[in-house]
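Colleague: Residue numbers for the sequence shown follow my numbering, beginning at 1 and rising by one.
In case anyone wonders, no lab produced these hints; they're calculated from the structure. There's no promise every hint is true.
[Stated by the list, open to error] What follows is a list of derived Cβ distance ranges for each label pair: (1) W66 with R9: 23 to 33 Å; (2) A112 with G32: 32 to 42 Å; (3) F77 with I161: 11 to 21 Å; (4) K200 with G30: 39 to 49 Å; (5) F165 with W66: 21 to 31 Å; (6) N33 with T203: 44 to 54 Å; (7) T169 with V74: 14 to 24 Å; (8) N33 with K200: 39 to 49 Å; (9) P118 with A16: 29 to 39 Å.
[Stated by the list, open to error] Here are the simulated PhoX-like cross-link-like pairs (lysine-lysine), alpha carbons at most 20 Å apart as the crow flies: (10) K93 with K198; (11) K199 with K93; (12) K93 with K200.
Cβ coordinates follow ideal geometry from the N, Cα and C atoms, glycine included.
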Amino acid sequence: MRIMGNNLRMLELIIALNALIFVIEVFAIGTGNFSFISKNFALRPASITQEPWTIITSMFLHADAWHLFFNMFVLYFFGMYLERLVGEDNFVKTYFLGGIFAGFAYLFTSFAFNIPPPTVSAIGASGAVFAVMGALVILRPRLMLFVFPFPFPMPFYVWTIIYTFMALTDMMISMGGIAHNAHLGGLIAGIYFGMQFKKKMITYVQEYYPRRYF
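All chains should be built: construct the whole structure from the sequences, respecting the hints.
Modeller: This is the structure we're talking about:
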């Protein structure tokens, strides 16, 4: 797709679509119609058989402006990096399939362990964003990050280990209003995709740049 001679990348389109839908949410709140959006488009395990589309639509809803901003900021930073490494098509596949897998992870833990109860809805692009991060942590595990509240940079893989431990702990204690189960589901899906991308990269290098022994 081209607009005024420039390529409109899928990353930017995804961010713009999330922002547009948030504007619609705000308008719905102002007109007293937000309950319609929440009821019909948020992912709620108890009604998933009647509303299977919510496993996708919930990825585009956000609780507030900060929720949207943080998700899109992280997506832009890591998504741009991943897109350069694996191409736009693979980035899009990671984002959407990872987000869907995150939704299934939320459903599974809700039905199997009551974490959270099936009547609790989930919204947000975080699961899809974590899928992008999961793929990138396989391809660039030593990428240095500054992560609040730590005052020093740490390798990407170290942050991933720390977050996984904290998320599992919070899930067992309370969930704290954060869908860690969806985040971890997205992360796992992303790691799987990252391993597939890395395998293809290694195969490409071996085929086109064979070793020479001297």
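Colleague: Give a verdict on every hint.
Modeller: Against the structure, the hints come out as follows:
1. W66 with R9: 23 to 33 Å: Taking Cβ atoms as reference, W66 and R9 lie about 25 Å apart, which means the hint holds.
2. A112 with G32: 32 to 42 Å: For A112 and G32 the Cβ distance comes to about 36 Å; the hint holds.
3. F77 with I161: 11 to 21 Å: 20 Å, holds
4. K200 with G30: 39 to 49 Å: 48 Å, holds
5. F165 with W66: 21 to 31 Å: 25 Å, holds
6. N33 with T203: 44 to 54 Å: At 52 Å between Cβs, range holds.
7. T169 with V74: 14 to 24 Å: Because 22 Å falls inside the window, the suggested range holds.
8. N33 with K200: 39 to 49 Å: The hint (39 to 49 Å, Cβ to Cβ) holds, given that N33 and K200 are roughly 46 Å apart.
9. P118 with A16: 29 to 39 Å: Because 33 Å falls inside the window, the suggested range holds.
10. K93 with K198: At roughly 15 Å apart (the allowed maximum being 20 Å), K198 and K93 satisfy the hint.
11. K199 with K93: Satisfied, since the Cα-Cα distance of roughly 17 Å is no more than 20 Å.
12. K93 with K200: Holds, at about 15 Å.
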